[in-house]
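All letters in the sequence shown, in the order written, are residues 5 to 1557 by our numbering.
What the hints contain is simulated information worked out from the structure, not anything from laboratory work. In this text, a Cβ means the ideal position worked out from N, Cα and C, and glycines have one as well. One or more hints might be untrue.
Only pairs whose alpha carbons sit at most 30 Å apart, straight line, appear in this in silico BS3-like list of lysine-lysine [said to hold, decoys possible]: (1) Lys1397 x Lys1384; (2) Lys1186 x Lys1237; (3) Lys1140 x Lys1102; (4) Lys743 x Lys725.
Simulated restraints on C-beta separations [stated by the list, open to error]: (5) Ser438 x Arg710: 53 to 59 Å; (6) Ala616 x Glu548: 25 to 31 Å; (7) Arg1228 x Thr1267: 31 to 37 Å; (8) Gly726 x Glu1066: 36 to 42 Å; (9) Lys592 x Asn1294: 52 to 58 Å; (10) Asp656 x Glu628: 51 to 57 Å; (11) Phe520 x Lys1397: 44 to 50 Å; (12) Ser438 x Ala616: 21 to 27 Å; (13) Gln1142 x Val1205: 16 to 22 Å; (14) Asp594 x Thr518: 56 to 62 Å.
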Amino acid sequence: MNGSGQESEGEGDPVRQHASDDSSEEPEEDEEEERRVRDGFIVDEDEDEDAEDEEEERRKRKKRRKRHHRHKNGLEDEELDEDDLNLIEENTGTSMSRRITRVRPGRESASPPPPSARRNVIESSDEDMDNDDDDGYPRVQDIHNIWDDEKNTGGRDDDDDGEDDMYNFIDDDDEDAGGAMDEEEREARRKERLKLEKARRRALGSRPELTGIDATAWDEIHEVFGDGHEYDWALVDDDEPHYEEELAKPEMKYQDVFEPSEIRARFLTEDDDLIRAQDVPERMQLATSALAPSSTLSIHKTLTENDIVGAAQWVITRLSSRKERDFFRSDGQYHGYLPQLVEAVTNALRYIFIQDHEVPYVWQHKRDYISFFDPNNPRIRVELLSLDDLWRIYTVGQKYRSLLERKAALDALYARLGVQDEYFENEMRKKIESAEMTADATEWLGMKYRDNKSSKVDFRFHDDEEPADAPKHKTPSRVSAYELSKKTIVSKLAEGFGIQAHEVVQNFFSDHNTHFVEEQDTTPLSYSEQFVDPQATRPQSAEELLARARMIIATELGKDPLLRQEIRNTFKLHALVSVLPTDRGISKIDEHHPYFNFKYLYQKSATDMLHAAQFLHILTAENEHLVTVSITLRPDAKANFERKLNAAFASDSFSDIARAWNEERSRVVQETLDQHLLPMGAKWTREWIRDEAEDFLSRQCASILRERIDVAPFAGASMQKGDTPSVLAMSWGKGEPHKDTIAAVFIDDAGRVRDHTVLDNLVEGKFQDEFHDMVKRRNPEVIVVGGFTIATTKLARRIKELLGNGDGQNNEGEAWPPEPSSQQSSPSVPVIYVHDEVARLYQHSRRADEEFSALSSLSKYCVGLARYVQSPLNEYAALGHDITAITFDEENQQLVPKEKLLFALERVLVDEVNKVGVDINRAVTDAYYQTLLQFVAGLGPRKAQVLIKKIASMGGNLINRTQFVKNNLLTYKIFLNACAFLRIMQNTEDSEPKSLKSRHGDEIDVPDPLDGTRVHHEDYELARKMATDALELDEEDVHDEHPSHVVAVIMKDRDKEKKLDELNLDDFAVNMYQSNQDKKRHILNVIREELLRPYGEKRSDFAQPSDWDVLTMLTGETRRTLRVGLIVSVQAVRVKEQFLAVRLDSGIEGNIARRYLTDMSVPPPDVVKPGQTLSGVVIDVKLDLANDSFSAELSSREADVSGGDSQYRRVKHDDAWNHTQFDRDAEMQARRKRAEVDRTRRVIKHPNFHNFNSQQAEVYLETQQRGDVVIRPSSKGANHLAVTWKVDDNLYQHIDVVEPNADLNGQTVGSKLIVDGTQQFSDLDELIVNHVQAMGRKVEELMMHEKFKPGNEDDLHLFLRNFVAANPSKSAYGFTLNRKRPGHFNLCYLANKNSTVQTWVSLCDAFKVRQKSMSLGSGLGGPGGGKTPFGARTPGRTPAAGHATPGHTSVRQVGRTPNPYGGIPGSMPPPTVPGATPNPGGFTPSFGGYPGPGGQQYGAGFQTPGYPPQHQQMPPPPQAGAPWGQPPPHPGPAGVHPSRAAMIQGQGWGQPY
């Protein structure tokens, strides 16, 4: 056995050459088969065929897999097929393995590989053996298979013999490729492989259980047990086409290990790599703020010079209203500088969008090109653009760039459609000037040429992802009514209007109509009848077709981009905003709610809401479902727009047909406005106001941030402005005695924490000594105090006492904290407060844990306070995206989206950091200071990160700015942006620059004094020239020196200011402009300032917080929560004879003087005890920041407190207020509240009383008879009752009854019930009988009259018209129930067939004629009837003299309860009342009532009478057809209840009530 390893057995596996056992296996199988056949063993043909097929299929699969694997690894061997193997077996008589390859000409037979315990090693063994000479090191996958390789060696220890045999046995493909090897190459190859085998054998030594096994033993083991791969075929998935598991594991990447959020946080995404690599400022590559947790890469096209002119024209009109007022108006202050403004905007756009310069660079180094410069008069300088204007240009320029991309996409869509549209090309395309118009034009093209989109190419922008090649399922499309109608005959009908939609739009925008209407010969209805198809499945009328045609034209007009832009412009100028509360908002938004300001906002101009937060609050309230917002146009603006559109659409003809068509066109215009233009305009205006208001608030927050960080470090009396002080920060935390300790942290002027301690208090001597010792040792230049409660003021007072007096004992010997004293000596070290919101965030941040893990949370808070004193800018910059957690505007900041707020705040940080500059060498070593670097122009968090790493790899220190480019630290554009803001500090003692070359002539890096200034690298020569001129030197004098040698000399010169002032910079600037067209006037001033004071401090002095700021910081109280007049809860602390010391909930101390304690001058100890809580009115707030005293004066007198503070807490409503709706809703709300109270409180013992509301009462009476009554609670209040009675089916009257002396707690009513303010009743029974049932009788009588007609008023009108048509010579009248006013009747009269029906509202006993009341007299047309209109004769009776029917004239007021005691139909005229004056004009005088005992007139004035005295007898009223006083006939009418009929007909009337 030639020991090159063992081969595994089984079909398809490599065979072991010269193995005697292999040749004996196949004959044994053949003998066994022959024996079974000889014994008559019969095999089922189906089973045999299935087994053979299965075995054949398995062999083919294995062969395909192996062939595929060899092809994948580049093998060139050709495997013998099955027929060849069978032929070899027959000729040789041996069993051959299926792993035999043909020998190609020109190469020797390849040796089989050694066996392996892992399958993937076997299958790749040929490749491994062929490539063994490529490298001598194991691959990645070999690490996992290291033990398998050792098995291949068989575990033998012989080094040479076995090796020689093995290597003589193996043949290399390299020899085939390169020809025969000589002996030296072969020997080198053998030694290399021998080295690899030794390495494998050493690895085997780590497995002692395998040592000592020789090759023979390995052969026996494999013969008995195999190598474990005989059943690999069973483990392979039959359906798997490839050996994917055999592939090497892919290289591990960090994306496979870390979470995506971690990768984004560390800037390791592919977008981050692209941002770092591109030579474009980082912030210009982002679509979001660089401070955002997940910034988005912005891919866009760069503007070209051809785009700049158009961009300038587009941007300049959108800068600001101030620019429009000052430059564009003829009377503007700078109207004469308009051409220079256009040039300045053009230059700014060129610098930003073509040359990729950030705004700080343009503002600092290109300001001459955005300012006015007159060479003839250089002293005149006008600032055309401010820093805010530059940021605005940057923002608006981005929008213009996006607009160009959208227009390009629109052009591409138009080209894909393959159509020619003159209106789009000549009119629409040229006027597209906004993203909204681009979207409108896209929609317009899609609507008009929908059928042309056969290619189905999606509308995409250049940065969209390419569509996938996978087939897409067809999605259902929505087909609009317009598209359906457009495909029908209705489109032809729409053409009959005589003019197309785009022609109407052209007429609209032209001074005179350029397109005229084609007239039709028939009316619109007749014309549309031609298109009616009676054979259709659902025939449509001509009116329906005409309506659909109007819809087509209205849709085309409403979708026109030019018309939509015009309506947007109209809304922009004339939009009105109105607000109405919802049902929930009516009850929730009271006068103290912050939303009350706009609860009933009515038609407020949209332009007045752009610079305020009101509209954002309105939208917030709308999201809470408290209000609804409506945006409309001013009526005159809407009318003008509609009139102009009608004029563009209408015909100029005056015929009836033309007028009819113009009416149809007017309907189209109205539909266009109502269905398309006005809703779209309102929606756009809503978003426009939102964006403008958010921008305004974000600018407000940014302005507050600028005020806080645009300040120099705190400067003491002996310090120069700009120097960093050493700070001692102290805090008492919450200030609870015997519980909270005092933390003190000292930070030196380099920002390093040098000392920190914790003091229990400052009362005990040992702690006072420790404090004094710390102050003495560290000598801080300022002490800053902070905390979380008002007790911090006591700490500040105590520190001042210790520093000023030198001892900790106060004169009175009271325990600390002492009372504030106005007689305090000035401390030797200033003690101040600072804004602590950054420190509060810092103490619990991860950054604080990483920097000072050993410090307590309160000590970290002190670190934040001290750092704020040294550099507020650095503190805010270190917050990153957490800066939005700082409250700059307490009431409105939460209304601004965080992304927009980050944009505004980031720009302020960028401005200030570039104004101050960054020491690049300090940034490399100081992680805290390093946070400023990302705000340098051109950089960002990613570019700053890689810059720091590159500098650190160089040694962590830069000598000059030239190294940024020389060492590839920054790319070209980034260097131009950033170099002037990256400061390299110079050694003041040795600032003389050295030679640029070494003694050997090599260039070396030497310091340059200009690297420590704001002078840009491109202006170095100008600075050197200025220094040379100031020193009056020639070039020959400094020829052999460093180029900046003169700069160093002038900087050290004591008279440098005088020498520089002698230079005429104006003439210098003019000469440069005339020679090279360079504008450098501002740059010359910058160079002069930098030569005098390199990087001099330009910020204002350190600003300490105001007294209210400190009070808010320590207590949370603001001017709004603690102002005079408010009632607050206080707790008594100390009770004295003349005053009461109290404490508010916020911790502020106050006092109540004796005269303000009670209404009577009572000593406080007799009224209040310590710890007692009481209410007090704030009468004064005393703030004394110098003495650390904050207190309030209060009053607890009953007269002051009882009045409440509603008038002080009430929110003032807007001037644009809907008073009518407010009053109406207030009344309804009051009713609801009263109803809720009364519904649960009033219970009256009466058979007709039910606890119903009006709807429930009507439901209850629905099944009752006419005249039935329900008494129920009233919604008007507890002293009201409501009486509901049934007038007729589905008709009910509700009567309001006032109960002045109501017993709210009892179950009875008062002794007085008042109806209509005048009629009084003593109880409910009297009210029912004398009022309700009396009215019921009157209604029954009128309904039984022959002139009464059931139904509604329309039915009566129809009856009268039919009657008059049948009787032309007669007039007719009748009456019916008034369904809108229960208890009333409508009297209708028709004089003739050509007249209209006259209607009067009757009050049961009277009706109105031309604002005068007429009685419904006896017989309604007889002597008691009313006057006949138009002088016509009264039907049925002859009118009395004077053409007036005698009757009663009512004098009762309209709207009161009808009087049931008026004249009865058919009765005689009442007796004449003595003293009555005849009524001129034929009208009967007012009825004075029936005479009663004692001269009382019963029923006088048609008012419901009260009860007469019991001893008086009331005479019965006259009855129809009966003598005075006699009872009426009996029985009553059919269908009426007998008792009610008896009551109606007068039975029992003679009896007293």
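Each hint, compared with the structure:
1. Lys1397 x Lys1384: Holds: Lys1397 and Lys1384 sit about 27 Å apart, inside 30 Å.
2. Lys1186 x Lys1237: Given that 30 Å is the threshold and the Cα spacing comes to 42 Å, the pair is violated.
3. Lys1140 x Lys1102: 55 Å, violated
4. Lys743 x Lys725: Violated, at roughly 40 Å.
5. Ser438 x Arg710: 53 to 59 Å: Since the Cβ atoms of Ser438 and Arg710 sit about 31 Å apart, the hinted range of 53 to 59 Å is violated.
6. Ala616 x Glu548: 25 to 31 Å: Violated, since Ala616 and Glu548 (Cβ atoms, about 49 Å apart) do not stay within the stated range.
7. Arg1228 x Thr1267: 31 to 37 Å: 34 Å, holds
8. Gly726 x Glu1066: 36 to 42 Å: At 27 Å between Cβs, range violated.
9. Lys592 x Asn1294: 52 to 58 Å: Cβ of Lys592 to Cβ of Asn1294: about 36 Å, so the range 52 to 58 Å is violated.
10. Asp656 x Glu628: 51 to 57 Å: Between Asp656 and Glu628, where Cβ atoms are some 54 Å apart, the hint holds.
11. Phe520 x Lys1397: 44 to 50 Å: 46 Å, holds
12. Ser438 x Ala616: 21 to 27 Å: 25 Å, holds
13. Gln1142 x Val1205: 16 to 22 Å: Since the Cβ atoms of Gln1142 and Val1205 sit about 21 Å apart, the hinted range of 16 to 22 Å holds.
14. Asp594 x Thr518: 56 to 62 Å: The hinted range 56 to 62 Å holds for Asp594 and Thr518, with Cβ atoms some 59 Å apart.
Checked against the numbered hints above, the structure breaks hints 2, 3, 4, 5, 6, 8 and 9 and satisfies the rest.
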